[in-house]
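A.B. asks: Got chain R sorted already, so can you dock chain G with the ligands onto it with the hints?
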Amino acid sequence: MAGNNPNAKPMNLTLRVWRQRSRQSDGQLVDYQVKDISPEMSFLEMLDVLNENLLHKGEEPVAFDHDCREGICGSCNLFINGRAHGPEPGTTTCQLHMRKFSDGDTIVIEPWRAAAFPVNKDLSVDRSAFDRIIQAGGYVSVNTGGVPDANEIPIPKNIADRAFDAATCIGCGACVAACKNASAMLFVSAKVSQLALLPQGQVERKTRVENMVAQMDKEGFGACSNIGSCAAECPVGISLENIAILNREFLNAKATSNNLA
Amino acid sequence: MSWLSKALSSSIGRKIIMAVTGLFLCSFLVIHLVGNLQLFKNDGGAAFNIYSHFMGTNPVIRTIEWVLVAGFVFHIYESIMLTSRNKTARGAQGYAVNHNEQNSPWQSRNMGLLGTIILIFLLVHLYNFFYRARFGELDPDINNNDDLYTLVVSSFQQWWYVVLYVLAQAALAFHLIHGFKSAFQTLGLTHRKYTPFITYFGYAFSIIVCAGFAAMPLYFFFKQF
Ligand code: HEM
Ligand code: SF4
Ligand code: FES
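Top line first, the protein sequences correspond to chains R and G.
Everything in the first sequence is counted per our numbering, starting at 1 for the first residue and increasing by one.
Everything in the second sequence is counted per our numbering, starting at 1 for the first residue and increasing by one.
There may be inaccurate statements among the hints.
As the list claims (entries may be wrong) - Chain R residues, not near chain G, derived (Cβ > 10 Å throughout): (1) Glu59; (2) Pro61; (3) Cys68; (4) Thr91; (5) Lys121; (6) Ser128; (7) Ile134; (8) Ala136; (9) Pro148; (10) Pro154; (11) Ile170; (12) Pro199; (13) Gln200.
What the hints assert, rightly or not - Which bits of chain R does chain G cover? Going by a derived footprint, with three or more residues having C-beta under 8 Å, they are: (14) 79-85; (15) 171-181; (16) 210-218; (17) 224-232; (18) 239-249.
As the list claims (entries may be wrong) - Per label pair, the in silico range of CB-to-CB distance: (19) Ile159(R) / Ala204(G): 29 to 37 Å; (20) Asp31(R) / Ala92(G): 17 to 25 Å; (21) Ser128(R) / His32(G): 49 to 57 Å; (22) Ala261(R) / Ile31(G): 37 to 45 Å; (23) Ala204(G) / Glu52(R): 57 to 65 Å.
Hint data in this document are derived by calculation from the structure and do not stem from the laboratory.
Glycine residues also receive a C-beta, built at the ideal position from the N, C-alpha and C atoms.
If we strip away everything but chain G, and leave its shape as in the complex, we get:
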């Protein structure tokens, strides 16, 4: 193995990949949220469909999409490698009594569980919107763009879909409440002057972004009545 692959497969190296991909995925969340805010525009979905047509066809966006795929793949791959390493390190014989709820926050100990919920959501979400927008047959809207808006609205009128979305956003919020500040710690980016700000910012970021995503299914679900 070269020095680089050795460094990246060490315990700290893997964590560095987790942190870099995790923060990259956070930047994706911001773009995705801001773009999707157009769902709230009262124009029958015209603006949202123009936006999604652009995102689905622009060559620059289509290229960056592959970077995003790689970000998810590496993040998930490293999470599996780290989790299995950590399970082995804990040893076969566990504690009969362990009160780790008294020394650490729940979300910090359950990043794998939270990540798995996010992954299940992601697969459903990609199949329903991404796959059908890219490879399926959607009816054209008034501007002759694929009418993804109508698909989104009709999906969000089903209660189980709304429940899945809101739960997944709650999981993502907890994932990021730990993950955002943790990534800076992993990268060694701590300083007495800035770390308190990063901690508060990460908290606010997690809640605002996830509440923003959760607002969409809730809005369309309650609008139908």
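Pulled out of the complex, with its shape left as it was, chain R reads as follows:
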């Protein structure tokens, strides 16, 4: 349980937190002190302590997004000390533990930054651009009816594995937050390659990639420069290979689809 530092004592920390009242207003970094933080707390529990303190003092608590607190919903998005989800690779903020920090540290906490992810309040950003990209084609249309037999459509194990790896994307947006270009290509590529690999995805294969890329551009995300920050910061390890697959799918669709628009 105790991680790197079994005898770690409670810590006192300085938090430098982005405060912003609303989407329209300007924000700034504000310093807060928190005391007696247990190294076994998660980062979000540490923020809960901060908010308790603020409430006691009659101040406005810090708004931040969270839901599952077990690394699957993708909402706990904080840019911590210059890294998406903090310094620990392969974790969401809710899975980041305070034992990764030391007594006396100053921790800078900022929201995701991207033109397509406006800040709603404090650390909470609007990621509905991702939802609109998925709505543009990140699904398989099926007729409702009886449940099909599980083995009706054979899928080779290695294809199923690769599709599953792509499907593990939790839509957190760390890829966009970390990218110098605020590009959403890793996110889009994960969905496009997941469905392109599977037989169920074939019917809508070309329109899917065309529409999702068009929506991605419309939302104002940047283009991919193959820098790799996204994959390095992705909490579930979506690989850059998916972006090559996306480009391939896009080229093929543009060259051969029947859409003239």
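C.D. replies: Then chain G with the ligands, alone, in the frame of chain R:
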């Protein structure tokens, strides 16, 4: 807009043009380097001048030259379009603290800066050698060819010229260390079997080609003493 112009002005479409022109420019680098190796021949520049006379007058080469110009123009145009798009996408409010050096290589994040250094070098280089060879008055050599060799050698005896060349080649090397493999990724040409080879090849290519170009000014600079 037609489907084609829409496809080519999308984010991926622009990157595809970058990749195709970038790889085309890499093929030009190979030809340019191999031809220029004749500078090292100890014949007072006769072979180099014959070669440059051929390159400057052969109609096939002169036609391909326009393709090369187009390659540069499109590469640079798309780089401006992409860079401005990406800057807008990043948003007005930046991070107070951003440690992206911990998640990505420097050259990958600075392709625009490296490209600008290459462009400045290119303009100086074209003015000094290309423009003066094509439109200026060069003295004839022993074979009655324009004596570009003497111009090259005298340029490379000036220290600031050597510094500019070596710096530009370093920038080009970093541009290609990222760019070569990146172009294959952009074109979707990846495969578990071949991508490791493309990565190593791109690394070796960048260093060998740029070291080859940098060797020329260094050779003539130190030869004069
Ligand atoms: C001989 C000269 C050059 C060669 C061989 C070359 C080659 C390349 C290659 C292979 C790429 C990778 C394409 C990709 O990622 O798909 C690239 C990208 C790039 N080049 Fe060049 N380039 C040259 C000159 C220039 C110049 C003069 C500029 C700018 C003024 C420039 C700006 C860029 C930029 C900004 C990128 C990155 C684009 C992005 O990924 O967003 N390059 N180059
Ligand atoms: S690709 Fe990774 S970083 Fe991007 S949204 Fe999906 S899980 Fe998050
Ligand atoms: S709160 Fe759901 S992933 Fe962190």
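A.B. asks: Going by Cβ atoms, does glutamine 200(R) stay more than 10 Å from chain G at every point?
C.D. replies: Label holds. Min Cβ-Cβ 22 Å, cutoff 10 Å.
A.B. asks: Starting from the range 29 to 37 Å, see whether the pair isoleucine 159(R) and alanine 204(G) falls in it by beta-carbon distance.
C.D. replies: 34 Å, holds
A.B. asks: For the segment 239-249 of chain R, count the residues whose Cβ lies under 8 Å from any Cβ of chain G; is that count three or more?
C.D. replies: With 9 residues closer than 8 Å to chain G, the segment 239-249 of chain R meets the three-residue bar; holds.
A.B. asks: Just tell me: holds or violated, for the beta carbon distance of alanine 261(R) and isoleucine 31(G) against 37 to 45 Å?
C.D. replies: 41 Å, holds
A.B. asks: Please check whether alanine 204(G) and glutamate 52(R) have a Cβ separation lying inside 57 to 65 Å.
C.D. replies: Roughly 58 Å apart at Cβ, these two residues keep to the hinted range, so it holds.
A.B. asks: Per the coverage rule (Cβ-Cβ under 8 Å, at least three residues), is the segment 210-218 of chain R covered by chain G?
C.D. replies: holds (count 4)
A.B. asks: Is the claim that serine 128(R) lies outside the interface with chain G correct, judged by CB distances over 10 Å?
C.D. replies: Per Cβ check, serine 128(R) is outside 10 Å of chain G; nearest 16 Å; holds.
A.B. asks: Minimum Cβ separation between proline 199(R) and chain G greater than 10 Å?
C.D. replies: At about 21 Å from chain G, proline 199(R) clears the 10 Å cut-off, so the statement holds.
A.B. asks: Report holds if the minimum CB distance from proline 61(R) to chain G is greater than 10 Å, and violated otherwise.
C.D. replies: Its Cβ never comes within 10 Å of chain G, the nearest being 21 Å, so this holds.
A.B. asks: Determine whether the non-interface label on proline 154(R) survives the test: each CB of chain G must be over 10 Å from its CB.
C.D. replies: Per Cβ check, proline 154(R) is outside 10 Å of chain G; nearest 23 Å; holds.
A.B. asks: Examine each Cβ of chain G, and state whether all of them lie more than 10 Å from the Cβ of isoleucine 170(R).
C.D. replies: 18 Å, holds
A.B. asks: Run the C-beta distances from proline 148(R) to all of chain G and say if the shortest one exceeds 10 Å.
C.D. replies: Non-interface label stands for proline 148(R): nearest chain G Cβ at 32 Å, farther than 10 Å.
Consistency with the previously given hints is maintained throughout, with no hint failing.
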